[in-house]
Amino acid sequence: MPTAFPLPSDLSPATVTNTASLLRIVALSLISGAAIASRLFAVINFESIIHEFDPWFNYRATRVLASKGFYEFWNWFDPTAWYPLGRVVGGTVYPGLMATSGVIYNFLHALNLPVDIRNICVMLAPGFSALTAWATYMFTKELKDESAGLLAAAFIGIVPGYISRSVAGSYDNEAIAIFLLMFTFFCWIKALKLGSALFGTLAAVFYFYMVAAWGGYVFITNMIPLHGLVLILMGRFSSRLYVAYSSWYAIGTLSSMQVPFVGFQPVSTSEHMAALGVFGLLQIVAFTQLVRSHVSSKQFQDLLFLALVTVGLLGFVGVVGLTYKGVIAPWTGRFYSLWDTGYAKKHIPIIASVSEHQPTAWPSFFMDLQFLIFLFPAGVVLCFHQLRDEHVFVIIYAAMASYFAGVMVRLMLTLTPVVCVASAVAFSSLLDTYLDAAEPAEAADDASETASASGSNSGSKKAKKATASAATPGSALGDIVAAATPAKKGEKVKGIFGLDTRLAIIVNAFGMLAFFVFHCTWATANAYSSPSVVLASTNPDGSQHIIDDFREAYYWLRQNTPETAVVMSWWDYGYQIAGMADRPTLVDNNTWNNTHIATVGKAMSSSEEVAYPILRKHDVDYVLVIFGGLLGYSGDDINKFLWMVRIAQGVWPEEIQEPNYFTPQGEYRVDDKASTAMKNSLMYKMSYYRFAELFGGGQATDRVRQQQVPKIGPTLDYLDEAYTTENWIVRIYEVRKEDLLGRDLKSANAFAKGKKRKRSKPVSRRRAIVN
Amino acid sequence: MLSFYSLPLFFLSLAGLLHAKSSDGDSVLVLVENAHKKDFSLFFDDLKEQGYSLTFRAPKDEKPAVVEYDVPAFSHIIILASESKNFAKDITPQSLVEIVSGGTNLLIGLSPKQTPLSSLAAEFSLVLPPPGTPLISFFPERKDPVSVIPIDASLPSTILPAMSPVWFSGVPFAHGNNPRLVPILHAPAESFAADSQGGADVLVDATEKGGEGLWAGSQLSVASGFQAAGGARVTWLGGVDMLSDKFFKKQVSKAKSGNARFAREVSAWTFQESLVLRIDSTTHHLVNSTTPEEHYTTNDNIVFTAHISRFHPKTATWEPYSGIKDLQLEFTMLDPHIRTALPAVAGSPGTYSVTFRAPDRHGVFKFVVDYKRKGWTHLHSSTTVALVPPRHDGYPRFLSAAWPYYAGAISTSVAFFVFSAAWLAGESREGKKAKGGKAQ
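In the order they appear, the protein sequences are chains A and B.
Residue numbers are given in full-length UniProt numbering: position 391 of the first sequence equals residue 391, and the series is strictly consecutive.
Residue numbers are given in full-length UniProt numbering: position 81 of the second sequence equals residue 81, and the series is strictly consecutive.
If you are wondering where the hints come from, they were derived from the structure by calculation, not from laboratory data.
The beta-carbon is built from N, C-alpha and C at its ideal position, and this holds for glycine as well.
Just to be clear, a hint being listed does not mean it is correct.
In silico lysine-lysine, DSSO-like type, Cα no more than 30 Å apart, as pairs [said to hold, decoys possible]:
#	chain 1	residue 1	chain 2	residue 2
1	B	314	A	746
2	B	113	A	755
3	A	711	A	617
4	A	753	B	113
5	B	325	B	246
Quick look at which bits of chain A chain B covers, simulated, 3 or more residues with Cβ under 8 Å [claimed, not checked]:
#	stretch
6	77-91
7	738-746
Chain B with its partners taken away, still in its complex shape (with noise of 0.2 Å):
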């Protein structure tokens, strides 16, 4: 009855855990022509640094192959062909999606031009704004172009620490109403998607129809991540120029600028190295007990206890890890029947565990765990257990509410016995003659 559910990703990857640091294995693709692979070298040496092996192929090429024998060959793909109108036949947003099916991160690039990408964008629920409309920003004032924007990163998310601004050249996207978007980095306040050429006239027609339609704003992304339902991770960037070598060196108000930070944080997170979690296990058992039930009876004291761990990118190790601090079990039959806290046990790293009386109701239920914060990994868990009602012997033998019952039973039992002793030794010819005609 035991099902445990984990992430099988995990478990494929073991084998690459020793070299790399990612949770998922070093193998990456890097889909560059070949003409601009060298305006990215700063941060392909980041990476091979980091311990992963690249491996490029110009985005017309045919090998190496993404997908071989059914199974994805690489842990981790990054696109940089962010203006190729044509891919190889294997690259396609179709292949692409099945390739995140099968557990392969992507770290894509966008650009203005309206591209196979931008069509995969959608499934992502991200919103383009119009093919040719880069972002634009006229803040701060700056020699560069209005295209090319240093973004504030001071604020510290999930996913990025407070880090010097980023360069930023490309296309803003909106979010779709999808909860497993992440944004990584917000459009400036003042920034807006136009045409370059077209300067501020984009603007003064928006305010003419009250801002209707306009894509402006912080709400806008220009790097965004997503979590799949298989686990694996795909980040959207604006443009790929934040990781050129051109924007890592470029200064931002007499400062280095954070792109390089920028991009490895990024590149940390899509390929899981960070906020990565895991359910190592998850057991229960009665109060008393320490090996679990095929089934529970109604009423019964079970605990539940789940192991996480979390990836350790420095060391490569997956460590025990108590710092869940709204993790949640549901006891689950149609509905949570009991939903409730389950917290980390003091004393003992990466378990979490809770006592919990069964609800009076028998029938097949679930212990769900489901724990799902943006940029973390997702955590999902759920065990399938029956909950009968009592044994027949399983009742309460006697009641003393039953008491009556009793008396009634044992003085009916006596007055019968009584009463055919009587009947029997007397032999009054009265009780003869009354009754005779029953006894027949």
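Chain A with its partners taken away, still in its complex shape (with noise of 0.2 Å):
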């Protein structure tokens, strides 16, 4: 047999396996060390801290579980948060990130190893990267063979739509939740291959795992039965389908239960209604199946026509008269959110609020996942050449999660994996055709080791064994196995010749893999290693400057307040608050209660007067803002401050109203054309007290907004400038108490500065005497 370039022809197929099987080791952990490495510039460029805001919950929360127990945490009452309504902790968080922490904690606190619990919550994400990258090579190894596997583990590892969420720090539930996705994922394939109720089983507790980690759960929850029941509608049911799914969605849904934020949801909310009714579509179609090696075909027919009307028929009805009666609770907002992009902004202000529950734009499909993005379609197109269970599901897995990522930002997280897998089956594919030694010139038996089926071999005579079980044989795969065999002699013999068409290729390849590496590198310094807690400039010679404001502010809060000062600040800081300036926050960045919010968007978008019942009625002591007007820092609150107007207004239509924060001619200004209503806001007058003194008499400039600022500033008389951070970020401001004299603070302020009274005249008690 012809090759293109010389084989080694004396190695024992023994050989071969046993260097293949220590590379794919070799491979692998080379992999784990690099998806860790890369997960290191934001200790290395800054230090070992929680980044961002959720995780500094998350912080918070497992360092309780760490020094208090599991059970204690389970019944932690945070009376801090959301003040005076506190949060019932144990019931509203997953609490999987913390328990895995925790049990990391002891573990090595068993083996004596004093390690800090800040070091493992900063380590966990890069260290669970590693677990994704195996997971996803398990899941590619099912789909196509191993060297598709290492390809996407490769993939997952550096790409940085996964990095943006599990740099070390970023202590968040996705940091455990893809590892899951994909072993879950792993676990239902390799259950629908072998029928096997050990892996369905095994499929539900990592389910479970996956329910007490995120909430993005519900993505499992509707996949499964989805692809359940493309399968059946396939006509591709088996007693596998029907050992996996039984076993998976009873054991799964049982074992979701016991996660207390969870409780009865999957049995009475909408999201979980899907895998419900496939569990029962199941029932039904094993028992028709049943019932029909027992009769006739005639009987058959017209029973299971009337049959599957009847049971269609109370089914939804059912499920729409649980709905209307509320024992099944209807889609949430979020959930419409998804199908309509414009619903939150239009119902629900606060949810459109969030950065990440923005739509997607273009360019960061390709900065998230560089070339992939364009092998991703190829990939999905081979495994249509295939079509076995576990390819369908990869299709409707990458229908679903591009459409997903589309509406949603942080749902790329959810389409990163199936792009590496996708990506992983088209490059393996395309490197085992190129470097393939075979020349296909000679034997015309030899071509069938060509094109895109190469290594596909064994695997179709496993579909074709999958399908003969099956009720009726997919005629689309038939198809492709009769395209993928290939044409009989005497047609023109397709395949490729030579070294140098090879070699064009394999370059290019490896080319796309050399630039995908230096791209993720870049991005993930550059764009997804910072904490945002602490930012970093570049000085005029190149060094780096740290703006440490916010921690400044907070250490600053802690250290000179009494413990029980509340602070009030809009909902983005409340966890960084708790967490590190370990004070009392009216809201945070569990947005459950829309009226608290709106209350703390109105004390912010009203006038001094208006606010102070306001923050008297909730104790608050400080009010904290964040300003960069002077140093460019375009995430601060005045940048926000639309969205506490609409929030508010959500709430208080009569009373705040956002067309008043804009000028007459539309614009949003903040200089001395700025309406009256922004003017005598609040959170106008704390952004910009004092700051034009900093010019000294010169223009005062606000550099986020390029807008020149009054040069007389807003005065306060209900609240005092209590601290401002070094480069003005962080500004909080002292709530005054009631007045001594019972005065309103207005006038006291006035007498205070030596001000005169105008006379007043005495209250007249009767009425004037007519004649």
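Got two chains here, separate frames each, mind docking them using the hints?
As structure tokens, then:
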């Protein structure tokens, strides 16, 4: 047999297998190493610190778990959050992440390794990314082969779309959830392939872990039933599907109900109804199969028709009726916003105000996935070529995840694994084809090794076996088998000839891989490794300058205020204040109470006189605002201000109106043309209080909005400036107590400044006598 | 979590209790022109007799300082220099408000002239008539000038007991809309503020306008108390002559005037001798327990107890006081979820206690006692506790209502067991044929 390049011929098959498996192990460990290492930019560039907002809560909860034990954590009522409502943390949190860290912490301490809980939290996401790479390897292996698996593992290890949520310090649910997602899917595929109740149970166990770890478990809850449904519709019902699905659903649902936050949702909310429906459908189909084996064909047809219509109608009426009666909760707002991107903006501004709920911008697909995004369709097409049950799964996954990723930025995360898998399938098919040394010219039989079907020989045999046991053999599969079987003799032989063609393609492919690595490294280092608690800028000489205003302010609060001092800020900073300053907050990132957030929004967007009673009623001692005008930090509260107005308007439409905060020309301005409502709002006053003084009589410029701020800044009567950080990013104001003499604070202030009060007349207590 | 808020000045003043009868210390600064010092000798002697140590200072003197090292140097200040237009630098309306916030009690006399004190009065929600218009009254007919008026004080009020008429000469004031003001002595119904030279013309003018703008009648006060938020008391007198020896001795309808008594009662109130209450402590615990919990569970039965004392000037001691009939307790989160009477416990003086069931609502609650009655010290106490939902094992374990579900679970388990046993034990060929596929 001629080959394009010489191959060693004296190797025993055992040696080849052993070497291959050793190489696989080495490659997998290197991939794990790369996955972990590339996530450490954040630690190296900054420090071992918890990032962003939500991770601060997770970290704080983990500390409670580690120090007080699981039961105390479960019953933890946090009186400092959502003051004065408090938060039942144990019942409103997905405890998987904290429990994982707690287990690791206790395990290490049992080994006498006194690792700080913070470092465990910081390093958890990189550690789990290595596991994700492994799970993706296993998953892809089931789809194609080991080499595709290794490629997929390498891709997911360093792809920015996943790194963005799993750098060291990004201690969020997603850090472990993607591993669980992939492993659950792997178990499901395996269970389906083998018809194994064991793997079905394993899938259920990991599904339970996923439920305990991330709200995105609903994705699995709907993906697996959808897969099952599609398989039934394709006529691929089999006892394997029945065993796998039933064991997954029964055990998975029962165990998921043990998570306190989920509770009875799996049987009472619309999001979970699909899984229940498919479970029922499977039982019916299985029963039908049973009946068919007992009765004649004609009877069966009638029976089937009647039964299907009755059951279908009953089920539909049942679900609709229960939804009406309120037994099954209707879809939540977040779910609607998945279908109608404008829904949230109209009805629930609080959801729309979260930046990661915005639709994805096109460039971010390339930013997050680079060349995988154009390999991805190729991989999906290759799945169509084989179309075994697991390929159907990948196709469905790809379709669903693509849609969701387009709707919401943060769902990019669920798209990333399937992109890696599909791209790996495509890329490995390419490599299989072009690395294969066999020349096609001579024997037509060898040609079967070429083209896309290489390595699928055993697979398609298995598929044939699978379809044989199914009710009707898939006709589509037959076509593909026919297509994969090479054209018989007499036709022109297709294939790759010579070394040059091979090299051209291979070099190109490896070039793409190399650029991918460069891109991932660059994106990780520059875009995704900022803790956002600490900001970095570059000095004129190129050195790094750290802007640490947030921690400066939080530590000021921690050191200088009584422990019970209540801090009001916009909800973005609630978790950070609780985590770093350890002070009660009014609202935080767990946006469960719209009215409470709207109250804060109202206080921020009203005048001092209106805001003051609200502040006093909520025992607010300090108000914290983020102001980027001096430094040009664009994520500040003035830029978020319109959301506060909108959310407040949702609750008090007659008091707060968004148009009042724009100029008559419809511009959002902060300079002297700003609207009266804007200028009187607490937020504006707190942001620009004494700002102009900083410019020593010169023209004060807000660098974020590029507008000239009036030289005479706003005055504050009900608040005192307590602290302003070095770069003015965080400004803290103290709320004054009620006046000693019962005056309103405005006139008390005027008196203290020595202003003369207007003479007043006695209040007339009787009516004037007429004649 | 326990944060007892009590009026701190009481604790500051504990050291002074042994000698003075005030609950608030015995050092008194008297701001009076040196020339007028002897006019008030009777009043001063009375204060000294009560145990106060008086320090005198002319309005323009710099020493002794009112505030030293940011701490008020005196417990009480009497300002009798009502006509001074210029005070030393440390006596301004602003600094006086500062002093009041530091807990110092003030007794201030006004005059018909426009002085810094008149502008201070406005801050206390007192509305003064235009300058140069003292209170005049033509009734009862008497030999004295029209601006020297005997005011009937035979009806007892919270602060003043019933007494003989009190001579008054000075300016009246109207009360603004401030709940902290306590009227002590009202102007007579037939009196009015006018230029004493102008006589009754002003009345005629005012009558033509239908009475509008006339400073007249018993709604005006000649002596008013003010209770500042920090606990300090401020008393405003329309004229300092009320405290003078001349008026002390002056006869009213052949009897001794009530001025001496008035001065005693007013200074007793101002200097925190009378009507002084405090909350000694508050505690809360579960019904069958004695120690306070850090947090309570919803629907717990909670006992809240407050201990209240009253200051007795005669013995200069705090004694448990059970005389408050209308004390209330609020259990508040944003709004009061529970507002209930906090009655005195019979047989246990000074103890007020109530048992109530916590609302079925978790959150951060406050026990709030807020007792504000005119003349009496304002009592305020706020204790924060968290009200948490039951623990995971705090719910009832077996519910009789859930028996259908228990029965369902048990019957399913039993049926499964029986089925498995039958499946494994039986060896029917039919079963294998029909269900063999499923067991794969």
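Tell me the hint numbers this structure goes against, listed in increasing order. The structure conflicts with hints 1, 3 and 5, although it agrees with all the remaining ones.
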